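Under numbering that gives the first Met the number 0, the residue at position 68 of the sequence shown is numbered 67, and the numbers go up by one with no gaps.
Source of the hints: derived by calculation from the structure; they are not laboratory data.
Be aware that one or more of the hints could be misleading.
What the hints assert, rightly or not - Simulated restraints, written as ranges between beta carbons of each label pair: (1) V71 x V34: 39 to 47 angstroms; (2) K33 x F6: 22 to 30 angstroms; (3) M0 x K33: 33 to 41 angstroms; (4) M0 x L26: 18 to 26 angstroms; (5) V71 x G30: 15 to 23 angstroms; (6) V14 x S68: 17 to 25 angstroms; (7) V3 x L29: 38 to 46 angstroms; (8) M0 x C72: 19 to 27 angstroms; (9) S68 x V10: 34 to 42 angstroms; (10) V34 x F11: 29 to 37 angstroms; (11) C72 x F11: 16 to 24 angstroms.
Small disclaimer: the values here were computed from a predicted structure and weren't measured.
Built from N, CA and C at the ideal position, the CB exists for glycine as well.
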Amino acid sequence: MEIVIYFFLNVFIAVIGFYTGEIIIFLLSLGRIKVRWNFYSDVEDASFFVLITEKSIWIGFVFWMLFVSYLVC
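Let the hints inform the model, and build the full structure from the sequences given.
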């Protein structure tokens, strides 16, 4: 059960947060900032601080929160 929770948490953070944020940064910079497809959760020594300071995760999280709130209202 623990591995299933880890899998879904990793998918949620990686796909929903990180990759959406990277694509938004790429679009807003008009292609000047290239998309990074590597993610810190793939590295075993990435600390929690590294993950919460990642701007792509926050941009992706804000985008999806605004999108869901738009759909609800």
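Consistency of the hints with the structure:
Remark: the range hint 39 to 47 angstroms for V71 to V34 is contradicted by a beta-carbon distance near 29 angstroms. For K33 and F6, the Cβ-Cβ distance of about 28 angstroms falls inside the hinted range of 22 to 30 angstroms, so the restraint holds. Restraint check, M0 to K33: a C-beta distance of roughly 38 angstroms satisfies the suggested window 33 to 41 angstroms. Taken as a hint, the range 18 to 26 angstroms is violated for the pair M0 and L26, whose Cβ atoms sit roughly 38 angstroms apart.
Our hint of 15 to 23 angstroms for V71 and G30 is violated, since their Cβ atoms are close to 33 angstroms apart. The beta-carbon spacing between V14 and S68, approximately 20 angstroms, falls within the hinted interval of 17 to 25 angstroms. Distance hint check: the CB atoms of V3 and L29 are about 40 angstroms apart, consistent with the given range 38 to 46 angstroms. A beta carbon spacing of about 35 angstroms between M0 and C72 contradicts the range 19 to 27 angstroms that was offered as a hint.
In this structure, S68 and V10 break the distance hint of 34 to 42 angstroms, their C-beta atoms being roughly 22 angstroms apart. Between V34 and F11 the C-beta distance comes to about 19 angstroms, which lies outside the given range of 29 to 37 angstroms. In this structure the hint that C72 and F11 lie 16 to 24 angstroms apart at CB holds, the actual value being about 23 angstroms.
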